Amino acid sequence: MTLTKIERGWARVVLGTMFPSGVHPRVPGADVIDGGEALDEVVRTVPPRVALGLRAALLMLVFAPLAFLKFRTLPGLPPEAREGFVLTLLSSRIYVVRQLTLLLKAFGALMFVAAPGVREKIVGRESLVKLGVRHVA
Amino acid sequence: MSREDENLPEGSVVDGATLEKDVDESFDFVVIGTGAAGAVAAHRLAELGCSVAMVEEGPYVKTRDFGPNVLGAFKTLMRDRATQAIEGRSFIPLLQGKCVGGSTVVNSAIAWRIPEDVADDWSARFGLRNVGTTLAPHFDALENELGVHDVSDESLGRNNKELIEALGRRGVEQHAMRRYAPSCEGSGRCLQGCPSGAKRGMNVSYVPWALKLGARLFCSCRVERARVDNGRANAVIATSTSGRSVVVRAKRGVLVAASTIQSPNILRRSGIRSRALGKHFQAHPGIGIAGVFDRPIHMEFGTTQGAETAAFRASDGFKVETISMPPELLAARMPGAGADLMRRLGEYPNIGVWGLQVRAEAEGVVKTGFGGRDKVVYSLTERDMRTARKALQFIATLMMEQGAREIWPGVFGKSPVMKSIDEARSLGDGPLDSRAYGFIATHLFGAARMGADPRASVVSPEFETHEAKGLYVVDSSVFPTNLGVNPQHTIMAVARLAATRIAERAASVQDSAA
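Protein chains in written order, with our numbering: chain A, 62 to 198; chain B, 1310 to 1823.
Don't read these hints as lab results, they were simulated from the structure. Every value quoted in this text rests on a predicted model; they were computed, and no experiment measured them. Please note: incorrect hints may appear among the correct ones.
What the hints assert, rightly or not - Derived contacts from chain A toward chain B, CB cut-off under 7 Å, selection only:
#1 M62
#2 K66
#3 I67
#4 R87
#5 E141
#6 V147
#7 L148
#8 G178
Every residue gets a Cβ at the ideal spot worked out from N, C-alpha and C, and that includes glycine.
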């Protein structure tokens, strides 16, 4: 299973909303990776039902504003208006909805922290070196 | 430190990823799986003079190739990229290693002998006599060979020290864990594969030691079934990742040690039809709570899991331990998304995570699902949920007492961010629905239970299936119940006992024949 070009574009928007850049000096955002390509790679390699779940989560997030009568998809909203929809789905009373959103959030975190340099920034590489940790990289 | 997984005897490893021709070889014994049970059993058989083959579904990933990223570890070391889940009332993620060394490559190498009350229970209810005394010499041997030590103060790290201090202040028994990592450097990367080889996973201990004794390893070869002819197992039929047929003949027996999930399904594919097969699956569901402190914790430094208390195991059914999480796993566990999430992630150096494991009474079923995939159906009981809730409240209040500025309990229906001890206490009346909690399952038991009664068990007390001669199960599938403590040590001791008995029995049969 692979993501279409438009789905890869949606993935960039969704992951950018979940993990925005410029909030904390030590935490780069999801824009350090190509979220579309990264999610596509995951979808191609996980078991089919997990790939389906990730795809369903992506579609659910993209079209969530329609359920709130916004008449726009998530990418169609201004960036500052997107976060609320992600939070709404993450705290949904419907178990499957919040689990699917969490699945995408979990893979998003795995993908962007794996980008070169991100882990070191978050954990504070310099202080770890001072502590004598040898295997930081 | 010398790397045990380098300079292996020439020709001792057959890599199914690059295998270009079919294989048909013969040994005394064939062991399926190279995790805690399989590796120990194979080594023991080799030590007792038997010719042994190990067949492993996953690849042999060397220490030099272990990286810091969890995504990479999931991809190369874990089954289904760590996306397996138990199905039932809620989805519970299920983590299993799929590589040479199995889950010992990605766990914390914690050494607990079987608790006395569990040994007594197995004796009273399942007719397995003298479990504790029978296993004792095997525990001794393992501890000696692997160098079991308490985690040193130098490699403990703040996350572990904070738990020890907090429990000590309450007057609760606590200690640094005993682990198979005598020269641990505190890299905080037990879950991604130890980068220094200090953790004595099976990939750097019993597997290479068995190879040096003449055993052979077929890795990246998925076992289809054990072949049983005329009621006797005589071969393992596998397929390499490259698509080649791998037939490994067993003159004396086949030992199944593929884990609680995979072993029952391999037995099914081998023609075992016991009504008890797949039943009585048990686990230790666990939950972690993260807390933010005003002082540095640095979970990236220190033993991933290094401190614990089992003070509540017998009385309340739970155990408390540390679990230092790398940032990507913690990010998934943090509340919210967007700017708040990134601000919280920015506090990573000041965050600690402690966890609980429940000795759950619930029993589930291991099945073969659609398309032949492994499927586990399991739901926690109300009593299990009450135990989990009580444990969660205990850890949450403990964290606040230790000075956490805020905690993130991750309970749906409760505040995602708690800033006072009263809020932490409110977890005691949290929901009793498992869907409200973020459980994870790592310790798995049962599904090919041992017992004297063929109607109620799959294998005999001699580890042989009731239905097929020469077909043995030697992993935690045979455990009649869960333990309430980390199981690797008991799994290894049971496997060592099983291999010893099987080899001795084979030798006596040979002597009689001579």
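Which numbered hints are broken by the structure, listed smallest first? 1, 2, 3, 5 and 8
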